[in-house]
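Asks: So the protein sequences, as listed, match chains V and R. First residue of the first sequence? That's 17 in our numbering, and the numbers climb one at a time after it. First residue of the second sequence? That's 17 in our numbering, and the numbers climb one at a time after it.
Do not take every clue at face value.
The list cannot tell twin chains apart, which means a pair is met if one copy fits it or any two copies do.
Stated by the list, open to error - Simulated pairs of lysine-lysine, DSS-like, Cα-Cα distance not exceeding 30 Å: (1) K287 / K302; (2) K411 / K73; (3) K365 / K414; (4) K414 / K73; (5) K102 / K365; (6) K302 / K443; (7) K273 / K258; (8) K426 / K372; (9) K365 / K273; (10) K426 / K144.
Derived from the structure by calculation, the hints contain no laboratory data.
There are 2 protein chains.
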Amino acid sequence: MSLSQVALNRLDQVFHARSVAILGANDSPERVGYLLLESLLEGGYTGKIYPVHPRHKQLLNCTVYSSLAEIPEKVDLVMIALNQEKTVEAVKECGALGVKGVVCVAGGYKEMGEEGRRLEEALSAAAKEHDLVLIGPNTLGFFNADARLNATFYPETLPPGSGISVISQSGGVGRAALEKLRDEGLGVNKWIGVGNRATLEFSDFVDYLAEDPATSVIAVFIEGTDKGRELMEAARRAAQKKPILIFRTGNSDLAQKSAVTHTGSMIKSPKLFSDACAQYNLIEVKSTNELVCAAKALALMPLPKGEGIGMVTHTAGPSIELLDYLEAAPCRLADFTPQTMAELKTLFKGIPVILKNPLDAAAFGYSPEGYGRVSEVVLADSHVDLLVAIHALHKNWKFATSQLVAIQEKFQKPVLACYISTVAGAKLVRDELQPAGIPCFASIQEAAWGLGAVLRYRRIRTNDFNELLQD
Amino acid sequence: MSLSQVALNRLDQVFHARSVAILGANDSPERVGYLLLESLLEGGYTGKIYPVHPRHKQLLNCTVYSSLAEIPEKVDLVMIALNQEKTVEAVKECGALGVKGVVCVAGGYKEMGEEGRRLEEALSAAAKEHDLVLIGPNTLGFFNADARLNATFYPETLPPGSGISVISQSGGVGRAALEKLRDEGLGVNKWIGVGNRATLEFSDFVDYLAEDPATSVIAVFIEGTDKGRELMEAARRAAQKKPILIFRTGNSDLAQKSAVTHTGSMIKSPKLFSDACAQYNLIEVKSTNELVCAAKALALMPLPKGEGIGMVTHTAGPSIELLDYLEAAPCRLADFTPQTMAELKTLFKGIPVILKNPLDAAAFGYSPEGYGRVSEVVLADSHVDLLVAIHALHKNWKFATSQLVAIQEKFQKPVLACYISTVAGAKLVRDELQPAGIPCFASIQEAAWGLGAVLRYRRIRTNDFNELLQD
Numbered sequence: 017m018s019l020s021q022v023a024l025n026r027l028d029q030v031f032h033a034r035s036v037a038i039l040g041a042n043d044s045p046e047r048v049g050y051l052l053l054e055s056l057l058e059g060g061y062t063g064k065i066y067p068v069h070p071r072h073k074q075l076l077n078c079t080v081y082s083s084l085a086e087i088p089e090k091v092d093l094v095m096i097a098l099n100q101e102k103t104v105e106a107v108k109e110c111g112a113l114g115v116k117g118v119v120c121v122a123g124g125y126k127e128m129g130e131e132g133r134r135l136e137e138a139l140s141a142a143a144k145e146h147d148l149v150l151i152g153p154n155t156l157g158f159f160n161a162d163a164r165l166n167a168t169f170y171p172e173t174l175p176p177g178s179g180i181s182v183i184s185q186s187g188g189v190g191r192a193a194l195e196k197l198r199d200e201g202l203g204v205n206k207w208i209g210v211g212n213r214a215t216l217e218f219s220d221f222v223d224y225l226a227e228d229p230a231t232s233v234i235a236v237f238i239e240g241t242d243k244g245r246e247l248m249e250a251a252r253r254a255a256q257k258k259p260i261l262i263f264r265t266g267n268s269d270l271a272q273k274s275a276v277t278h279t280g281s282m283i284k285s286p287k288l289f290s291d292a293c294a295q296y297n298l299i300e301v302k303s304t305n306e307l308v309c310a311a312k313a314l315a316l317m318p319l320p321k322g323e324g325i326g327m328v329t330h331t332a333g334p335s336i337e338l339l340d341y342l343e344a345a346p347c348r349l350a351d352f353t354p355q356t357m358a359e360l361k362t363l364f365k366g367i368p369v370i371l372k373n374p375l376d377a378a379a380f381g382y383s384p385e386g387y388g389r390v391s392e393v394v395l396a397d398s399h400v401d402l403l404v405a406i407h408a409l410h411k412n413w414k415f416a417t418s419q420l421v422a423i424q425e426k427f428q429k430p431v432l433a434c435y436i437s438t439v440a441g442a443k444l445v446r447d448e449l450q451p452a453g454i455p456c457f458a459s460i461q462e463a464a465w466g467l468g469a470v471l472r473y474r475r476i477r478t479n480d481f482n483e484l485l486q487d
Numbered sequence: 017m018s019l020s021q022v023a024l025n026r027l028d029q030v031f032h033a034r035s036v037a038i039l040g041a042n043d044s045p046e047r048v049g050y051l052l053l054e055s056l057l058e059g060g061y062t063g064k065i066y067p068v069h070p071r072h073k074q075l076l077n078c079t080v081y082s083s084l085a086e087i088p089e090k091v092d093l094v095m096i097a098l099n100q101e102k103t104v105e106a107v108k109e110c111g112a113l114g115v116k117g118v119v120c121v122a123g124g125y126k127e128m129g130e131e132g133r134r135l136e137e138a139l140s141a142a143a144k145e146h147d148l149v150l151i152g153p154n155t156l157g158f159f160n161a162d163a164r165l166n167a168t169f170y171p172e173t174l175p176p177g178s179g180i181s182v183i184s185q186s187g188g189v190g191r192a193a194l195e196k197l198r199d200e201g202l203g204v205n206k207w208i209g210v211g212n213r214a215t216l217e218f219s220d221f222v223d224y225l226a227e228d229p230a231t232s233v234i235a236v237f238i239e240g241t242d243k244g245r246e247l248m249e250a251a252r253r254a255a256q257k258k259p260i261l262i263f264r265t266g267n268s269d270l271a272q273k274s275a276v277t278h279t280g281s282m283i284k285s286p287k288l289f290s291d292a293c294a295q296y297n298l299i300e301v302k303s304t305n306e307l308v309c310a311a312k313a314l315a316l317m318p319l320p321k322g323e324g325i326g327m328v329t330h331t332a333g334p335s336i337e338l339l340d341y342l343e344a345a346p347c348r349l350a351d352f353t354p355q356t357m358a359e360l361k362t363l364f365k366g367i368p369v370i371l372k373n374p375l376d377a378a379a380f381g382y383s384p385e386g387y388g389r390v391s392e393v394v395l396a397d398s399h400v401d402l403l404v405a406i407h408a409l410h411k412n413w414k415f416a417t418s419q420l421v422a423i424q425e426k427f428q429k430p431v432l433a434c435y436i437s438t439v440a441g442a443k444l445v446r447d448e449l450q451p452a453g454i455p456c457f458a459s460i461q462e463a464a465w466g467l468g469a470v471l472r473y474r475r476i477r478t479n480d481f482n483e484l485l486q487d
């Protein structure tokens, strides 16, 4: 069942908290109680900040309060950096004081056996009694870049926003996604470390992000849950509005031997899981890096109208590599129309170039004008719904960036770029391409991950539409 | 049949050419004849440089010669930036003048049909008549970082060397490998764009690099060849001395439809190809990025003595992701000995940490001292042959870099690091770890690619040894 509107609103208020208290704030820069405070400051949070500690007076230039009760207003969010037992008491106090939400960072709950399980039940009971939004326990926290609210213990300048929001069962994997997104020139809108999910399940966060106007792509990392069906159903609802990606680990014997202690169970067989994803319109990916590249393409480019791909390059090999990766994607290599072939023949008169798709323009493609002209002919082709433009960074040749932006606009068909270079090198053209809606990847494999996800989501939306027509 | 010692020496003289002429040198910075000259200068070549052009007098501050014959010495290497017909004449002239080797950049040969095929036969006949080393045609060229000889038309400062040498059928994929290696903090020793392989086959270059003392890892990118058996046999010979990696594209229907025009044929079925790789001791990889990460780990770290893996982390999720990827690799997750368990119990007294492998030290691992201590206990375990150390970049926590270097030295067992961060962030620790023989990757998937290759090569060498014992 979908999360109620009341519950969604409550969650939204926590994601946009106007005041935050930190229980267990302290003065050791390597400890969580310090880092939570530093995160708020470093992230540029503009709401009220209330560090709480019985003895400290000042921390990082903030006035410290000796207790929650001493704070002169009802705070929206309390971050709790206390041990597992004290956290339970603190949640009760938060509930009594009318706090809206809490983040419980401590571990030592159900992942640690019977005693931990009892503690977690107490935690969850306290939250439910007071309708408190509880994130965790055993979590890094969450952030909302729009509100400049970094409620994790990873202090940082939040990267410039994007429509991508991340739900992660692992702090480490969630951080990895963030870092990789940064390498791809993108930030994250909302980032949620679900932790042990004492009260809020994957499905609840999916419901929330599906409704969230600032989120255009939902990326989920999961190890396991005993609420798999709820997740699948929430995903199907979400996928009608926006793409939802999922990466699941823990399938292998090696991992299952190791992971059993800290997550719930889920469908064990990778094949059954993949089938379920397909049935519920989740786009399944196979690595954290693929999750990021898929999210990037989906966040940046519009969906193509059809499945015909045109490719232009000045070096053939990478286009062959890309075709191999696309084998399983719902697309076809467009056959150029006779008109396109005639125009290409004129363009390449006397130059030894093979006129086919992918089109390797060789030296003709070294200049932005030549490359742009060939790309225009290809994108104009009525069989081509999407252009992939491949270029290898070279000291004296420029990529046809402005030409690609112009033809995308002219034909209203999406373009995806692969600029073979280092991550730093890709930035040279990315800052022009990406704001114009052309995702730019530095390697072929990553471009294929992005492109594959866009094509898969197109198929999902098309099938949905066909189903509607049949009703 | 292996390349003769005479032929190997000739090839080596070309890779260490003491003088280079450029036929078709010109003054347009976007054209190949200019770029070849710029590459020599930019790469820091210290031998003699002779640009050749009938009218120019000076190019990039070099004296221009009006013809090859006018050059006052026998040059070792001639780079030919002329069209496909003129290139044939030039090769004949080079042969007559006693040149040792030529690079033929032009396309328009066998990849363009019957007329091109005849031209290529003439090219090859001219080279053979004079025992001339001919690289190409239809190639970017080659470089040798040791000799600071960049004989490609991609001018650049050659990145600092490594033991990795690359043989690529595609300039673009070969460039992609170079760029990715740069992101991984490594350079390339020798880089060879084989082009159409008019006279020199993959197997010849493999034989050469197998003997080359500066090459410790051979990375091959291939689309197709009709000399597949020769390649496989050369690979088997090479693998007795050093790891040889192969990435093959063009398996998919999409790619075969497209690629057929510009490469020879090879085993079509991916399964048969994989079986052949296994049989001939080639390590097969599935992407350019995997090729790079595998080469990196093999180039930097020693082989472990056994297959027992120990893992340490401060965040569990990434270690689970890694275990999934390692499922197919020849390794096992080590069971800690009772002694290790006892030491860990003492170390984590009163801290909620689950004592198992992978070991998630949580907050205890936030400090380099804590992380280093745990790592030492794990690496000391007699069941552990190799340590994987995972850390997520954090503003206030430092990675246990010096500790890892010290324990690797102390126990003489290899360590591989995954420092979850951006590519730029990884540099923070990589520059300390990698020179000490600890490869450091910025993502789990890449770490798994590296680790998997090392484990596979260990198995290859162990099997070889076992076979020897049985003889």
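Asks: For every hint, state whether the structure bears it out.
Replies: The hints, checked one at a time:
1. K287 / K302: Both, since 13 Å and 21 Å are each at most 30 Å.
2. K411 / K73: between (57 Å within a copy, 25 Å between copies)
3. K365 / K414: within (23 Å within a copy, 60 Å between copies)
4. K414 / K73: between (58 Å within a copy, 28 Å between copies)
5. K102 / K365: Cα proximity of K102 and K365: across copies only (19 Å, versus 79 Å in one copy).
6. K302 / K443: Both. Shortest intra-copy (26 Å) and inter-copy (26 Å) distances satisfy the 30 Å Cα cut-off.
7. K273 / K258: neither (35 Å within a copy, 34 Å between copies)
8. K426 / K372: within (23 Å within a copy, 59 Å between copies)
9. K365 / K273: between (63 Å within a copy, 24 Å between copies)
10. K426 / K144: neither (55 Å within a copy, 53 Å between copies)
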